[in-house]
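Asker: This is what each chain is made of:
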Amino acid sequence: MPLTFDVSPDEIEAFMEDTNEQLALLDQAIVELEAHSDDEALLQSIFRAAHTLKGNAGLIEHHRMAELTHALESVLDRLRKRLLEVTPALIDVILASVDALKALRDELVTREESGVDVASAVHRLHAYEEASAAAPTAAEQPGLRITPQVRARLQAADAAAYRITAIVEPSSIAPAARIYQVHAALSEAAEVLASAPPPDEIEMGTTATRYEAVALSTRDPEELRSAIATIPEVADIQVAPQAAALTPKQSSAPTEGPPAGAAPQIDLDTKVRIGIDQLDRLMNLTGELVVSRTHLLQIESDLATRGGDQVVTDLNQVTVQLSRIIDQLHEEVMRARMVPVASLFTKFPRLVRDVSRRLDKKVNLIIDGQETELDRSVIEAIGDPVIHLLRNAIDHGLEPTAERLRLGKPETGTVRLAAHQQEGHIRITVSDDGRGIDAAKMRRSAVEKGQLTPEAAEALSDSEAIEMVFRPGVSTKQEVTDLSGRGVGMDIVRTNIERLNGSVEIHTEVGLGTTFELTLPLTLAIIPAMLVTTGGNVYAVPLSSVVEVHQLTGRQIQTVDGSEVIRLRDQVLPLLRLCSLFHITGSSGSNGHRGSGGRLVVVRWGRIEAGLVVDELIGNQQVVIKSLGPLLTGIRGLAGGSILGSGRIALILDVPNIIKLAMKR
Amino acid sequence: MAIETKAQVSEEQVVVFSLAEELYGLDISRVQGIIKMPEVTRVPRAAEFVEGVINLRGEIVPIIDLRKRFRLGEHGNDADTRIINVEMGDHLVGLIVDAVEEVLNIPSDAIEPPPELVTTVDSAYLRGIAKLQERLVILLDLDRVLCTAEQQAIGRLSAEAA
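Chains as they are written, first to last, in the working numbering: chain A, 146 to 810; chain B, 34 to 195.
This is chain A alone, in the form it adopts within the complex:
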């Protein structure tokens, strides 16, 4: 049965946006909490996120989601009040309920029940809540308010600080009086700095059945306890030293509950939200401007060669001015599309925790350079490759705990994920301090699997052997796990990164660890390319793949095993004829035929270089990448199309796949 929610599409959009934000925050912060269980500010932000989620769910009347967030909120409240301890098992339960919330959120889009068992998820949360002391729920019992003055006293005092809790038995007929007695008894034995309910409420006769206080005393905890224990109908008296939790770091948020559900502070005066599709259209238009500018400059130089007069000089001034404006506009629009890579990286602590727990390995994930900005399209495209590299680092890279200890390495493995910008590129590295990739092992494995003859394997250099991790079907892992070890994936990582005009490199040292380094362009929308013609078509070769350009004469061409090659310096370069590769017949140029010359564009994929034979070179240009439409996406060897200043369409070559296609033949 389809679900119905009483919401407009606009409200759904707002709900989704905020809910996604809160869920992402929870995922990240809860994993962090496991390591920093005494971080008050962190707990507060987690609690606030859960509270906001509850409010959102209530607003659109998603009752099951509201019910689950309510249960989650109560548990978090207990954590916040130190009534519950952070344990890996509890974090598991909380993360599981966050996952359930994600499925419930999706119901809004699918309009179908996701099969999430809310009742049992709530039950698991309640089990923890009940395990911590049977006390009234958060809603009925306001927490202890620690004002800055109290905190100052706590920090300055030379007496010991205690947190005291006591509960009046439900059977009591005068709980207010019992609370008053407890407060009075404690006040005699200690200096009560703060209490819940507060003293004036106790005087008036409170409805609470639970008493909590922070007090300074020179007596020992047992004395305080027995002072309260003399009062009848009072149970569950706890006297605990009050330390770290109330001596917050300088920067942490005030402990007194900030207005729950308060929205994160957004500076409304300086920021405007803009739709991604709108930004994409702006980007496209700017791209067209860049292309038209090139065309205009072309016309201008044509005119100038025909004999300059005043008009041409004027035109020159205008085009120079226009160029400057277009460049700036282009840069600004590009910048508007940039988002910090943190929007992707914040997902990873959760992922690493899940993977390491399943594999029973201890992993410390270090993230650097979260603030590095990247074009949104690039961030979307690198998500899967980076996830794969992280899983690989934990599963294949890091040794099992026992082995690490035997080798004298720290028990906890380190995985580092870093991003930084460099010369118009972004560099992302995933490194581990694990076993490294053993070239000898790679050779053996390839021979055992029948992928290489023993002689061919022996002939490989160490770095070539290591590069084999990028081949399909290669894995040195002995047993296959459900995460990795099937030998699929690394080749896809490389293909995906190279489709983005990026590259992947490996640095590894046996016993010390492995680093994968991804180099990517800052944007995918516009790339510098070399325009060439072949068979009457214009093709754009991404400059990131171009090594150099040469004139090619028929006499330079030699044949090895039936394939054309040329000798370039001390290197043998295989030749690729686009025409034959693309089955283009009736080529207007002569280069379609074996043995004929033309222009040679040397291109590179990883460590493989090859020579593309084309008719003519047109020159270098910025091109705006466009899809070729639904019927033509996914053609091997083509990355898309671009409309040139003249209105003609240039097809953009996908160099990695062209080299792969050629190698297959």
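Source of the hints: derived by calculation from the structure; they are not laboratory data. Honestly, I wouldn't trust all of these hints.
What the hints assert, rightly or not - Subject to a maximum C-alpha distance of 30 Å in a straight line, what follows is the list of computed DSSO-like cross-link-like pairs (lysine-lysine): (1) Lys247(A) to Lys586(A); (2) Lys492(A) to Lys594(A); (3) Lys101(B) to Lys771(A); (4) Lys164(B) to Lys771(A); (5) Lys492(A) to Lys586(A); (6) Lys492(A) to Lys506(A).
Fit chain B to the given chain A structure using the hints.
Answerer: Just chain B now, with coordinates in the frame of chain A:
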């Protein structure tokens, strides 16, 4: 089929075009525009019936040769050749036809379900046949024509990749 009453005969607006001596009709609501043959950029390794791509006001639009699509034999382009641009989801696709004839209002009760084995085009692509006085207009099911085209194109690509 919805229940029809004679009292209110609804009409369909159809763009009629000719292809290999027969008349075909396309639902006008899916037609974005009709243009003469512009310069076509051929796309290597594309499916056989994909003629190439054109620049339609700054957008790259793939072009399908309907004759090739339906295996109706070559014709070559002439002064009557047109491209009908139709919407396919968020994208445009151009269809090359021999000539565009007219826009017709066809009463729903003149439309009959596609007969088996009568037309030269596979009946899976047909929505029905409209009988108008002495003429027959074959109504195309655009989604089927494009969808199977896409599947074929993709199927071919993955067969190649394997």
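Asker: If a hint holds in the structure, say so; if it doesn't, say that too.
Answerer: Against the structure, the hints come out as follows:
no.	hint	verdict
1	Lys247(A) to Lys586(A)	violated (42 Å)
2	Lys492(A) to Lys594(A)	violated (36 Å)
3	Lys101(B) to Lys771(A)	holds (26 Å)
4	Lys164(B) to Lys771(A)	violated (43 Å)
5	Lys492(A) to Lys586(A)	violated (33 Å)
6	Lys492(A) to Lys506(A)	holds (19 Å)
Hints 1, 2, 4 and 5, counting from the list given before, are not met by this structure.
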